[in-house]
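Throw the hints in and build the complete structure from the sequences for me.
Numbered according to our numbering, the first sequence terminates at residue 1640, and the numbering increases by one at each position without gaps.
Everything labelled a hint here was simulated from the structure, so no lab data went into it.
Note that the structure is predicted; figures quoted are calculated from it, not measured.
Glycine residues also receive a C-beta, built at the ideal position from the N, C-alpha and C atoms.
You can take every hint at face value.
Using 16 Å as the maximum straight-line C-alpha spacing, the simulated EDC-like pairs for lysine to aspartate or glutamate come out as follows:
#  : residue 1 : residue 2
1  : 1385      : 1438
2  : 1603      : 1254
3  : 1385      : 1348
4  : 1603      : 1248
5  : 1603      : 1250
6  : 1153      : 1613
7  : 1603      : 1258
8  : 1197      : 1559
9  : 1153      : 1597
10 : 1197      : 1248
11 : 1316      : 1254
Label-pair distances were calculated between CB atoms; the ranges are:
#  : residue 1 : residue 2 : range
12 : 1508      : 1215      : 35 to 41 Å
13 : 1457      : 1146      : 22 to 28 Å
14 : 1145      : 1114      : 20 to 26 Å
15 : 1563      : 1036      : 57 to 63 Å
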Amino acid sequence: MPAPQPSLATPFRTHTCGQLRSADEGAEATLAGWVHRRRDHGQLIFLDVRDRHGITQVVVDRTDEPATHAAASRVRSEYVVSVRGMVARRLPGTENSRLPTGAIELRATELVVLNEAKTPPFYVNDPDAPIDETLRLKYRYLDIRREAMQQRLLLRSRLVQAIREVHHAEGFVEVETPTLIKSTPEGARDFIVPSRLQPGTVYALPQSPQQLKQILMVGGIDRYFQIARCYRDEDLRGDRQPEFTQLDLEMSFVDEAAVMDFVERMVVAVSRATTPERPIQATPFPRFTFEEAMERFGSDKPDVRFGMELVDLAPALVDGDGQPASGFRVFDEALAAGGRVMAIVAPGMGGATRREIDDLADRARRFGAKGLAWVAVEADGSMRSPIAKFLGDERAATIRERAGANKGDLILVVADAATITSDVLGRLRVELGARLGLADPDVLAYCWVHRFPMYQWDADAGRWDATHNPFSGVVPEDEALLVTTSGDVANPSPDDPAGRARALQYDVALNGWELGGGSVRIHRRELLERSFRLQGYTIARMRERFGAILEAFEYGAPPHGGIAIGIDRWAALLAYQSNIREVMAFPKTQSGADPMLEAPAPPEPEQYAELGLRFVGVHPTTAAE
RNA sequence: GGACCCGUGGUGUAGCGGCCCAACAUGCCAGCCUGUCACGCUGGAGAUCGCCGGUUCGAAUCCGGUCGGGUCCGCCA
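Rendered as structure tokens:
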């Protein structure tokens, strides 16, 4: 049962606008809120008065209450009013079943305009009206008055509340970490803040509290969490803002399974508390290794609400000796070069037009494929394919069988290097899954992906790069792989065994989106140094960038691990939104601007002076003058 | 850094070389209306079509640039 509602009565109101029911009939009540809509019938005026809690119909009769009626006739949309009156059951036949308060109305005896309002630039009272997003952001306070935004902000509030409750119940300590820190060793560009007290130096805003939470582990806070604001100065997307919020947590004396067990328990409890009506597809969450996820779904954040898994066609394309013999040169060359030929089957798309298929091929090319081969199985079982003449009927039938295509299905084939093949098909799978409505929009399908590669080769820099967090631990049986062919970690090459090492790294995905990721960390300094040096950090450079944490690790660092989960994305997914701006009160545009505050803005000249800074470029707005 | 899409009364759209001193809906203003709930009816005001330049006899419409917004690629462990 939900907790009893606190009284929201104030000197301005006895009840909220969503509170009164027929049981309150005969009571005197005062409501305060915004005028949602006014319906003026001459003798009779109806006012829908709205607050966050609902809408109550107020009725004013000229005959009974001439002064109040006069006041009501002057009122306009979005005026702030308080209305005193008698709660009355509505006349039979005039009840409004769409409103929780629809059985009653407030017969007004007194109406006070607390504040007038300009005519709003868009419809606050129409949930369906499309509104230009810049306009919404400029007048965000009006946008936030709209029911849909209120629901989303409420959902987010419940989400964060549930997170806090679960963590406190499980013995976590909520610790705040600073926002003015030193640059952390992460991939994104830092926002920097110049120091006035130490001219010429800067703080960095944290990209995440990563180092600090690990230091908290050294400090003995064995279970830490925080709803942490993070900052990354990278280009924006629908699901990416320059500042965003993470659930950041870290645990001591744990292994991978212990962290995943807790996170899974927490995620389930929080989901049930926040959106109890949405079914969770499977518990325990499916766990895939990175390799398996890429092989089956072509994604490290698979949407497991539907099948349409990738199929390796190679066995159907080789001769008795295992040599490529499909007859189609693109396939044979891909296999001969060590690549893959894989397929997905789009159910029911066998009748797709050439134009539709060409469109898919265009997408495939944009995703990085050289092309897209296809075999359509018509409703009568006959096959249609531009490469049929190369394959021959027998080979085509083998491919169809291997792919598991039924009559009326469309087989899409990509032949390329292994990573491109699975990536392209993975993206097409998501695209087609959406187009064909294969994924139940209500279901929450969480899953784990773990055992990511420790490193990926950075050809430009000539070194290994951490795929996720540079502090991630290595799978114990792969520890011996953290070596180079040259024997010197400072001299790496792309064929090093290190390329095969797997990290104790895990991501949690929800409906095809990466919700969060974490790892069990390296807590032994010796191993950490080896890992860093593989990534091209010299000892001096390491000290410079990771000095504090390296030193902390010399004073008894416990084994530890944790995760960070994107609150914005989680809230968005729970609210059926693909854009995180919809679950943020004051988000920024794609160019990082706040149209309401008009941020960013040039600093005052005095601020330059105080900070000892000089702007050497020409500011775009002053350049135009 | 790149690709694509959008920009027309307050709002959302239509118009895509001359029929347009721009249409529709809604909002706004005024009047009427005693049971509405997207109330209704009548009337009215409101736009130099984001901005600059070009093509043309003629540009909201075509072209170039620019600004703003969005989607995507790069980027974001």
